[in-house]
Amino acid sequence: MKVLEINHCNKKFGDNEVLKDISLSVEEGQVVSIIGPSGSGKSTLLRCATLLETMDGGDLIYLGKYAAKADKAGKAQYVSNGELRQIRKNFGLVFQNFNLFPHYTVLKNIMEPPMLIGGRAEKEVRQEAMALLAKMGLEDKADAYPFQLSGGQQQRVSIARALAMKPRILFFDEPTSALDPELTGEILKVIQDLAAEHMTMVVVTHEMAFARDVSDHIIFMDGGVIVEEGKPEDVITHPAQERTQAFLRRFHQ
Amino acid sequence: MSFSNILAQLGGGFLYTLLLFVLTLVFSMPLGLLVAFGRMNVWAPFSFLLTESEKSLLRGGNALPRTGKWQDNFRRGLAQFHPIQTVMKVLISILRGTPLMLQLLVVCYGPFYMWGATLSTQWRFTALLIGFAVNYAAYFAEIYRSGIESIPVGQYEAAAVLGYSKSQTFFRIILPQMVKRVLPPVTNEVITLVKDTSLAFVLSYQEMFTVAKQIAAAKADITPLFVAGVFYFIFNAVVAYTMERIEKALSYYR
Ligand SMILES: Nc1ncnc2c1ncn2[C@@H]1O[C@H](COP(=O)(O)OP(=O)(O)O)[C@@H](O)[C@H]1O
Ligand SMILES: [Mg+2]
Numbered sequence: 000m001k002v003l004e005i006n007h008c009n010k011k012f013g014d015n016e017v018l019k020d021i022s023l024s025v026e027e028g029q030v031v032s033i034i035g036p037s038g039s040g041k042s043t044l045l046r047c048a049t050l051l052e053t054m055d056g057g058d059l060i061y062l063g064k065y066a067a068k069a070d071k072a073g074k075a076q077y078v079s080n081g082e083l084r085q086i087r088k089n090f091g092l093v094f095q096n097f098n099l100f101p102h103y104t105v106l107k108n109i110m111e112p113p114m115l116i117g118g119r120a121e122k123e124v125r126q127e128a129m130a131l132l133a134k135m136g137l138e139d140k141a142d143a144y145p146f147q148l149s150g151g152q153q154q155r156v157s158i159a160r161a162l163a164m165k166p167r168i169l170f171f172d173e174p175t176s177a178l179d180p181e182l183t184g185e186i187l188k189v190i191q192d193l194a195a196e197h198m199t200m201v202v203v204t205h206e207m208a209f210a211r212d213v214s215d216h217i218i219f220m221d222g223g224v225i226v227e228e229g230k231p232e233d234v235i236t237h238p239a240q241e242r243t244q245a246f247l248r249r250f251h252q
Numbered sequence: 000m001s002f003s004n005i006l007a008q009l010g011g012g013f014l015y016t017l018l019l020f021v022l023t024l025v026f027s028m029p030l031g032l033l034v035a036f037g038r039m040n041v042w043a044p045f046s047f048l049l050t051e052s053e054k055s056l057l058r059g060g061n062a063l064p065r066t067g068k069w070q071d072n073f074r075r076g077l078a079q080f081h082p083i084q085t086v087m088k089v090l091i092s093i094l095r096g097t098p099l100m101l102q103l104l105v106v107c108y109g110p111f112y113m114w115g116a117t118l119s120t121q122w123r124f125t126a127l128l129i130g131f132a133v134n135y136a137a138y139f140a141e142i143y144r145s146g147i148e149s150i151p152v153g154q155y156e157a158a159a160v161l162g163y164s165k166s167q168t169f170f171r172i173i174l175p176q177m178v179k180r181v182l183p184p185v186t187n188e189v190i191t192l193v194k195d196t197s198l199a200f201v202l203s204y205q206e207m208f209t210v211a212k213q214i215a216a217a218k219a220d221i222t223p224l225f226v227a228g229v230f231y232f233i234f235n236a237v238v239a240y241t242m243e244r245i246e247k248a249l250s251y252y253r
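One line per chain: the protein sequences are A and B, in this order. When we follow numbering that gives the first Met the number 0, the leftmost residue of the first sequence carries the number 0, and every step to the right adds one. When we follow numbering that gives the first Met the number 0, the leftmost residue of the second sequence carries the number 0, and every step to the right adds one.
I should point out that these hints are in silico values taken from the structure, not numbers from a laboratory. There could be a bad hint or two in this list.
Said to hold, decoys possible - No farther apart than 27 Å at their CA atoms in a straight line, the calculated lysine-lysine pairs in the DSS-like style are these: (1) B:Lys54 with A:Lys19; (2) B:Lys54 with A:Lys68; (3) A:Lys88 with A:Lys74; (4) B:Lys247 with B:Lys179; (5) B:Lys165 with A:Lys64; (6) B:Lys179 with A:Lys107; (7) B:Lys54 with B:Lys68.
Whenever a hint applies, use it, and build me the whole structure from the sequences.
Written out as structure tokens, the structure reads:
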């Protein structure tokens, strides 16, 4: 079953074509990694998928439901705000710089969204939140405030916050890029564990070894287009395109 | 006149000062938030004049690049005209750019000169409150606005992806953080307000300073003014202490 489908997505900022005819689909349980040089449009693609940006053209479909559908001219027509609110429940996004709510404790960061937006009962949500914290190795931080945590711990909280909404698909935008190198491992481990549990994920990352080991499918983007995609062995180990080779060479030095 | 007598009379005036101070804050602080909303309003009735490409730039938070043609610049200017914001800007600059005393006189005597309204004591007090509350709302609005604009856009984005509505985002995520950030400049305004209450004398309001002047003039004695000064100083010390406590109470997060 396709959790996410994007067809012929186009996005411009002024005259700058940031995404050019991007199509991708993500099956349930699949892990898709997006790699590519800075400025290639990876973040913009995730932001379009998570409704933080509007696509100019193309379709955006979650679990068969259209969030946006291209009209005859190819222009993306979004569904009503009420329908978008329902569609938002399908996905979560983990940001590069966490974006935790600093005035809430760790526990409240995780519990408020399911209670407020999901309308769920406090007792049950609290249990789940504590279980998520335990899974992240942060039970003892439930009552801490974000500023009291290391970057790696904050990022784990933000992953727990996203998971508490029980998304069908989770997006990560360079989840380790704001972290000290010695802290990236703990985040990659969490994502790896989620992959082992068949969580559907789309991960933008510069960690090539991680992308190769954890992904089912890899997309290499450059200049707003998908240059090459396929199995990790193909794209990372034996890239066919010159641009992919050039990009990967910089990581092997 | 004995010292205790002076104290008693000034004490009566002080109650009026306190009343004006409290009521001004109660009205101006929420009003300031409304004014700040108006000041940040981006309703643009002529936005249909923009091309799709221009719209996408603006939506991404960019400025439009300049073109040589005046027609383009005129069209874009008109399309980006925010009437509510502009009205609020003008209003705020008038309120902050003219003396409060003048504003008090205009509010009180304006209706009198224009429609021959009667100048009851009650009206004087109402006018006093309107003048103070609106003037201070203008100052608070600018403080709130800078506080709101200082919250990182990532907070809005995290809330949006989690499914928070606009109002949930504002009241639960943005406002509490804004309050913490604006506390120091708000404290400054509140301390200024303590001193500004003495301007109420222009509408013959019997606040402490007015009383002090009356006694001083009647008795040819400077003691009452001096005592009034001590009152203001203590009042401000209490205000500063209270605000410090609030700041402390909010220091549990960063
Ligand atoms: N809000 C925006 N306004 C204008 N241009 C933008 C905006 N966001 C991104 N861009 C441009 O889009 C291109 C792709 O950016 P981005 O998606 O952040 O790339 P990546 O995440 O791959 O580094 C860049 O050229 C960037 O300058
Ligand atoms: Mg990026």
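Problem - Numbers of unmet hints, in rising order - result: Structure breaks no hint.
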